[in-house]
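One line per chain: the protein sequences are Z and W, in this order.
If you count the first sequence from 1, position 175 lands on 175 in the working numbering, and the numbers rise without skipping.
If you count the second sequence from 1, position 50 lands on 50 in the working numbering, and the numbers rise without skipping.
Don't take each hint at face value.
Quick list of the computed label-pair ranges, beta carbon to beta carbon [as the list claims (entries may be wrong)]: (1) Z:216 <-> W:99: 37 to 43 Å; (2) W:46 <-> Z:91: 57 to 63 Å; (3) Z:39 <-> W:200: 56 to 62 Å; (4) W:99 <-> Z:252: 45 to 51 Å; (5) W:116 <-> Z:167: 43 to 49 Å; (6) Z:111 <-> W:228: 26 to 32 Å; (7) Z:191 <-> W:162: 26 to 32 Å; (8) W:34 <-> Z:39: 29 to 35 Å; (9) Z:8 <-> W:223: 57 to 63 Å.
Reference excerpt, derived from the structure (chain W facing chain Z, CB under 8 Å, subset only) [stated by the list, open to error]: (10) 93; (11) 95; (12) 99; (13) 115.
So these bits of chain W aren't anywhere near chain Z, every CB distance computed over 12 Å [as the list claims (entries may be wrong)]: (14) 1; (15) 3; (16) 7; (17) 8; (18) 47; (19) 251.
No lab work stands behind these hints: they were computed from the structure.
Quick caveat: nothing in here was measured; it's all calculated off a predicted structure.
Where is the CB? At the ideal position from N, CA and C, for every residue including glycine.
So the chains spell out like this:
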Amino acid sequence: MSVIDIRGLVKAYKGGTLALKGVDLSIGKGEIFALLGPNGAGKTTLISIVCGIVTKTAGSVRVAGDDIETDYRAARRRIGLVPQELTTDAFETVWDTVAFTRGLFGCARDDAYLERLLKRLTLWEKRHSRMLELSGGMKRRVMIAKALAHEPEILFLDEPTAGVDVELRRDMWALVRALRADGTTIILTTHYIEEAEEMADRVGVIRGGELVALGNKAELMAQLGRRTLKIFLDAPLAALPERLHGWDLDLADGGRELDYHFDSKAEETGIPRLMRQLDEAGIGWRDLTTRQSSLEDIFVSLVRAGDAS
Amino acid sequence: MNPRGMLAIYRFEMARWKRTLWQSVVAPVLTTALYFLVFGSAIGSRMSDMAGIDYGSFIVPGLILLSVLTQSVANASFGIYFPKFTGTIYEILSAPLSPLETVASYVGAAVTKSFLLALITLATAALFVEVRVEHPLLMLAFLLAIAAGFCLLGFLIGLLADNFEQLQFVPLLVVTPLAFLGGIFYAVGTLAEPWRTVTLFNPIVYLVSGYRWTFYGVADVPLGASVAAMALAILLPLLAIAWIFRTGHRLKQ
Ligand SMILES: Nc1ncnc2c1ncn2[C@@H]1O[C@H](COP(=O)(O)OP(=O)(O)OP(=O)(O)O)[C@@H](O)[C@H]1O
Ligand SMILES: [Mg+2]
């Protein structure tokens, strides 16, 4: 069952920038979804529209069946957002600012819940501190606490680990897993592909306002995944011999390594034929390894493909 | 409806006011006290009565309004401009609140502050000069209406402003001059023509006249005209705000 349903979403900013060019996306209840994309791809725009901060130009967005415009109250109550920028009220205390958000979203006061929340985010000791007295990492924890103050079903994290130290990042992922265990749907954007790879159930790749790939991690890798066969040569090659030009080969490591790219799903990989041809050309080798392309490789190749077109 | 959300904004705004009590209450009260000292006691003692009222007492309603007008605009415009400036507005926009609820919460808090400020100013004035209020209920009602109008105006300015300079423009270059020339310090009848007629184009004259009437029962213009001016002071910014939210929406991209 999908909890977020985006259809033909278009956003043209006033300046004329077409930030989203008709995005279709469904996000299932309880999943962790990672939105990957380079700077300016439209990730923040997409999230901001769902959360009600930016108005859409065309298309529709439903949150658990409620339209974000006609049923905005019901839709927004379900959503918590940790924005990309750290924006806080400098003079408010941690407790006050978190309690404020809870009230803003129409929830009754519940000090016990806020206490548990602040303890979970190791903010309890700091509850009487004003925001301006906190470090950047602490502020980010407060932003998360605010986003969770009204017990949302859906949590948006816009680049949650940008400028965050290892410990906080680990804490954050532990929290994300715990929230998912409670049934919270989590949508995050990140530039760290390892994170998406490690955390997410499904990944969407967005570029230039278009969703260029979408699937669960395994699917995505199978769909786009290519393997690389690395052949470590006996003697360095200055250039590829003429007879090997038909192959998808790269020379690497100063000619000491030959990389063969092939489609892992293809009926025939061509490896036996390549090895024979290497023999015939008199190119000796001492070792081989194959490597599955990571999400990062896929991502880079998708983004490159876009730049080339 | 989201009454808890509205209350959260209202409380937030009131807490901000308490934190800056020095700037938002003490400073205007001190300024008003200085006016009373200079115009009421020092100069006023050498002035003849104004419209049959002791000069020091005559200027009290106008001086109260002067601080209410300037503080209402300053407070309400800052209240909405600042979150826009720092970016914390994201939270308000993502909350389950209608535009009307948002406006009512911010403006409601600003009106409360102006109302309290007016009462404190009145109490301060009573220390310096003799003050009597002939129509206390109407005095409070008019005060509320005028504060509401100028808080809405302030909200509108905060909504439209793109920088601090624009935020200051209307209060400094429009409201304050018009207030000073709005019959706070003199009865319009004492002016010579053509200034008497010119003055009647200043909307603040109608507000000051009506408000002073609740104190001493004397007015420069008919009471009906004053009430109409108050209604317009509320209606015009309200319509402008509604129009902005309906069309462009200045808060959202
Ligand atoms: N308020 C705005 N007005 C005009 N254009 C905007 C605005 N916000 C974003 N844009 C443009 O829309 C496009 C998408 O921006 P967006 O912030 O959604 O990208 P992003 O994927 O979040 O990037 P990043 O990884 O840098 O955060 C960019 O070209 C950006 O310049
Ligand atoms: Mg972004």
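Subject >> Violated hints, by number in ascending order, as checked against the structure >> reply: 2, 4, 6, 8, 12, 13, 14, 15, 16, 17, 19
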